[in-house]
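Please arrange chain B on chain A, whose structure you already have, making use of the hints.
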Amino acid sequence: MGRLPLWPAGPAKGERPGRPFTGYKLAHAVLSADGASAAFAGLTLGATSVYGAVGDACCVWNRRHSPPRRWCGCGFYCLHALADARSLACATENRATLLLEVAASGQYIRYERGLRYSRQRVRAILDARCMCGRAGSALADAGSGLIGWRHLAPVCDTCAGNRPALSLGEFSARLDGPVRVAETLPSTGLPGTPLASSPREVPAARELPGAGESPIAVLSAEIALLHARLDDLQSRLDK
Amino acid sequence: MRLGKEQAVGYVEDTEADSLPAEEVMAGEADWTPLTTDPEPSLPVS
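Sequence order for the protein chains is A and B.
So in the working numbering, the last spot in the first sequence is 239, and the numbers never skip.
So in the working numbering, the last spot in the second sequence is 1046, and the numbers never skip.
Simulated from the structure, these hints should not be mistaken for lab results.
Be aware that a few hints might be false.
Chain A regions said to be covered by chain B (calculated; three or more residues, Cβ under 8 angstroms) [to be verified]: (1) 12-21; (2) 77-91; (3) 107-114.
All C-beta atoms in this analysis are idealised placements derived from N, C-alpha and C, irrespective of residue type, glycine included.
Okay, chain A solo, but in the shape it has when bound (with noise of 0.2 angstroms):
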């Protein structure tokens, strides 16, 4: 008879791969009262906590252990799934976050679908959604914040108009550590999205289902309308 195996098996302990986790996390971008810093900061649990480029976790709640602690909610999140952070970004509350590539590293808890961590680089901003539905190329100021630092939300060029804004360049080079911007940001799948978001390749045409309408295809249609009176006119004198 064979032996039985152990149960419940438990979490393995004392891992110690030899790089770090990548992982996929959503965040807020800010920018310091003086403008020369830029940040980013949680969602939830974290959305009063600001961090740059790399940062340590510390545990709101109680400063005397490390996070991540077990039965503690501490630490920075990440999921190894970008698609499942591309999901969570769909909720009405993230929309006006940034979606970043992450290093985790430190001490961790892995879980199935990411980990709770103490160390944290990020990598990348691979994603940032204007909430029209385009591709962010730049970041205007949220409307709310924290004391010190304004919260910026991402918009396109479209959007933006004559507000001031900040190209995401501009925001990575005031971060505290090189982050790359993602070349091009994906679309929504929403047909007609453009997925570029310079105006060069954003036709104004190109406008979402029920949107409204853009100044250029107003005036495309009133050019037309004054070509068709210069044609009833010219034919009316050739009679």
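Quick look at chain B alone, frame taken from chain A:
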């Protein structure tokens, strides 16, 4: 954020931190520049 069932605990060094290329840091331009004044919006690539 729901991460599911705990699977393991451990420790890992950030071995990549020392080998980051310095040129990825980009120089900033004018603060809070209106986008419409820039014919070539700087969507940075690195």
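For this session: Compare the structure with the hints numbered earlier in the document and write down the numbers of the violated ones, lowest to highest.
Result: none
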